[in-house]
Amino acid sequence: MKSESVCQACGINPAAVFINTSDAGEKMQLCVSCAQKKQEESTMGLQEFFEKASMTILGPEAKQKPEEESEPKACTQCGLTLQDFEKLGLIGCPTCYKVFEQELSELLKRIHGSFKHIGSRPRPRRVFASTPDIAALRAELHQAIEQENFERAAEFRDLIRDLEREQHRSEDSNRVIT
Amino acid sequence: MKRTIKKNPAEAEPARQLALHVDTVIHQTPFWASHAGDQDDIILSTRIRLARNLAGIPFPTIARREELDTVVERIGNACKSIRMLQPALTVDIRQCKTLISKALVERRLISPVFAESSSAGIAVIDESEQLSIMVNEEDHLRLQSIQPGLSLQEAWRQISRLDDELSEQVEYAFSDKFGYLTACPTNTGTGMRASILIHLPALSILEQVDQAIKELAPSELAIRGFYGEGTDIIGNIYQVSNQLTLGRTEAAIISRLEVIAYKFLDLERNARDKLLHIHRVRLEDEVFRALGILQAARVLSSAELMKHLSMVRLGNELNLIQEIDHRILNELMIFTQPAHLQLLHENITDPESRDVLRARLVREKLAG
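Protein chains in written order, with this note's numbering: chain A, 1 to 178; chain B, 1 to 368.
It should be emphasised that the hints constitute simulated quantities derived from the structure, not laboratory data.
The model shown is predicted, which means the values in this text are computed figures rather than measured ones.
Among these hints, one or two may not hold up.
Simulated crosslink set (BS3-like; lysine-lysine; CA at most 27 Å straight-line) [unchecked claim]:
1. B:214 <-> A:109
2. A:98 <-> B:177
3. A:109 <-> B:177
4. A:87 <-> A:98
5. B:307 <-> B:274
6. A:73 <-> B:307
7. A:109 <-> A:98
8. A:109 <-> A:73
9. A:87 <-> A:109
10. B:263 <-> B:274
11. B:97 <-> B:80
12. A:87 <-> A:73
13. B:307 <-> B:365
14. A:87 <-> B:177
15. A:73 <-> A:98
Calculated Cβ distances over 12 Å to all of chain B for the following chain A residues [as the list claims (entries may be wrong)]:
16. 28
17. 72
18. 83
19. 139
20. 145
21. 148
Ideal Cβ positions, reconstructed from N, Cα and C, are used throughout, including at glycine.
Work out the full structure: start from the sequences and follow the hints.
Laid out in structure tokens, this is it:
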């Protein structure tokens with residue numbers, strides 16, 4: 001299992017963003033929520049903040065690899081490169097999600113703790129979100145175990161646990177309050 | 001009963017092919033402020049927004065001019081046939097007067113960034129201001145529903161219906177793996193931000209707000225000011241919202257926020273009880289001083305009004321002062337904001353005359 005760096009401010013969430021904390025180039029690794037708090041505390045505009053805080057898409061390990069000589073990978077539709085993304089803090093177009101699928105999966109995992117959407121879908125396939133399909137997630141969990149993809153299996157396990165916990169909690173709160 | 005529940009105008013039928021005028025909107029009290037809602041002694045309003053993009057078109061920040069025009073045209077046309085949006089106000093953000101766009105920000109119908117946008121974009125706002133759409137903000141589409149009190153389920157029901165209707169007419173950028181594809185990775189997945197505006201004056205008097213936030217808001221929730229990201233806390237009003245959008249269902253996001261909302265409600269109610277039973281004199285002093293200032297002041301800044309209004313609202317909820325309709329307190333909050341004052345009272349040009357006018361309006365509304 002790959003070890004993940006932890007946010008230096010809260011010490012709980014995985015770090016997703018590097019921020020220069022001084023002009024001398026000192027850096028802090030923060031999770032998104034702490035980074036946003038830092039940004040709100042600072043007087044910087046959002047644009048400037050994103051320019052200074054590079055979203056580490058590749059993660060610190062990959063950063064240390066020697067730079068390849070070839071042209072940087074660019075999106076086939078909008079031409080965005082990872083460097084552009086780090087500067088802008090924004091993704092260019094829907095196709096970027098395909099071209100940079102691997103890198104964005106890692107980044108999204110760092111931000112949200114997951115890279116798998118389980119919410120509603122556009123019509124005509126929309127699943128009403130008040131009935132999260134735990135059975136379907138269980139099936140995916142078993143499939144992941146069979147394929148010995150334990151990282152993915154752990155993710156589904158946590159997801160199912162969270163959903164079940166939340167269902168109980170909301171049932172509890174309904175009982176108490178209403 | 002001091003509050004009356006009216007029929008929800010967004011569901012009124014049949015569709016009327018009428019365009020609303022911006023003056024109508026600026027003069028009216030929005031639905032959330034004029035209607036009763038669950039827990040509205042503490043929670044002012046609930047908002048859910050969805051970020052969506054059209055398939056095959058670059059996101060607004062890097063899209064070319066003609067691509068932005070295409071988005072405006074497609075969404076604009078789609079909106080015309082959606083019954084929930086009839087009648088609606090459509091605002092071309094480039095041609096909109098600065099004061100009007102500022103007033104729309106004050107009503108939380110558009111974002112401050114969008115108000116200053118110089119590229120092709122429109123805002124579409126339904127008659128009751130429950131539903132609004134920004135086209136070409138950070139994403140092609142930002143849909144939002146604002147409801148009175150704590151009404152996450154109703155906000156979700158409405159926004160989800162609007163989302164469904166739009167998705168029948170335009171193709172969204174969506175992937176099985178990542179969900180709804182958005183410009184910022186912090187929105188990817190559900191594209192959903194759910195938030196409540198919660199008024200915590202008793203916790204504030206007892207200096208327990210920071211502690212409450214620390215205990216209750218896990219790192220996946222954000223606490224912000226009245227106008228959202230990067231804005232100050234004014235009048236003891238806090239915005240609590242989800243931060244994470246991927247790997248959880250909309251229902252899970254909503255129920256987690258709801259659980260936290262109830263915990264805040266419990267703490268604030270306990271603090272109110274404590275003030276009433278243990279520190280009653282101190283509480284009455286705060287409330288009556290605030291009311292006195294609002295009934296007597298000749299010059300009143302926005303910040304000072306919000307501060308005292310918070311105490312008057314508290315006194316009102318605890319029946320310490322002669323009953324004031326909720327709607328009046330909400331209206332004071334909305335119509336005394338700078339752009340509203342300037343738009344609704346023509347000869348106001350400088351901040352000082354604005355403060356004088358604000359004080360007069362407040363005195364009239366709260367006359368003892």
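Structure-based check of all given hints:
1. Between the alpha carbons of residue 214 (chain B) and residue 109 (chain A) the distance comes to roughly 25 Å, so the proposed pair stays at or under 27 Å and holds.
2. With a C-alpha separation of about 10 Å, the suggested pairing of residue 98 (chain A) with residue 177 (chain B) holds against the 27 Å cut-off.
3. Distance check on the hinted pair: residue 109 (chain A) and residue 177 (chain B) sit about 12 Å apart at the alpha-carbon level, within 27 Å; holds.
4. Only pairs whose Cα atoms come within 27 Å are accepted, and residue 87 (chain A) paired with residue 98 (chain A) is accepted, the gap being roughly 20 Å.
5. Taking the CA atoms of residue 307 (chain B) and residue 274 (chain B), the gap is about 21 Å. The hint holds against a cut of 27 Å.
6. For the hint pairing residue 73 (chain A) with residue 307 (chain B), the CA-to-CA distance comes to about 53 Å; that exceeds 27 Å, so the pair is violated.
7. In summary, the hint linking residue 109 (chain A) to residue 98 (chain A) is supported, as the alpha carbons are separated by about 16 Å, within the 27 Å threshold.
8. Between the alpha carbons of residue 109 (chain A) and residue 73 (chain A) the distance comes to roughly 21 Å, so the proposed pair stays at or under 27 Å and holds.
9. Only pairs whose Cα atoms come within 27 Å are accepted, and residue 87 (chain A) paired with residue 109 (chain A) is accepted, the gap being roughly 20 Å.
10. In summary, the hint linking residue 263 (chain B) to residue 274 (chain B) is supported, as the alpha carbons are separated by about 17 Å, within the 27 Å threshold.
11. Taking the CA atoms of residue 97 (chain B) and residue 80 (chain B), the gap is about 24 Å. The hint holds against a cut of 27 Å.
12. Distance check on the hinted pair: residue 87 (chain A) and residue 73 (chain A) sit about 15 Å apart at the alpha-carbon level, within 27 Å; holds.
13. Simply put, residue 307 (chain B) and residue 365 (chain B) have alpha-carbon atoms about 17 Å apart, close enough for the 27 Å limit, and the pair holds.
14. This hinted pair checks out: residue 87 (chain A) and residue 177 (chain B) have alpha carbons roughly 25 Å apart, not beyond 27 Å.
15. The hinted pair formed by residue 73 (chain A) and residue 98 (chain A) meets the criterion: a straight-line CA distance of about 12 Å does not exceed 27 Å.
16. Chain B leaves residue 28 (chain A) outside its interface by the beta-carbon criterion, the shortest separation being 16 Å against a cut-off of 12 Å.
17. With a minimum CB-CB distance of about 17 Å to chain B, residue 72 (chain A) clears the 12 Å threshold, and the non-interface call stands.
18. Chain B leaves residue 83 (chain A) outside its interface by the beta-carbon criterion, the shortest separation being 14 Å against a cut-off of 12 Å.
19. Chain B leaves residue 139 (chain A) outside its interface by the beta-carbon criterion, the shortest separation being 15 Å against a cut-off of 12 Å.
20. Every C-beta of chain B lies more than 12 Å from that of residue 145 (chain A), the closest at about 19 Å, which supports listing it as non-interface.
21. Once the 12 Å rule is applied to beta carbons, residue 148 (chain A) is consistent with being away from chain B; the minimum gap is 20 Å.
Violated hint for the displayed structure: number 6, the only one.
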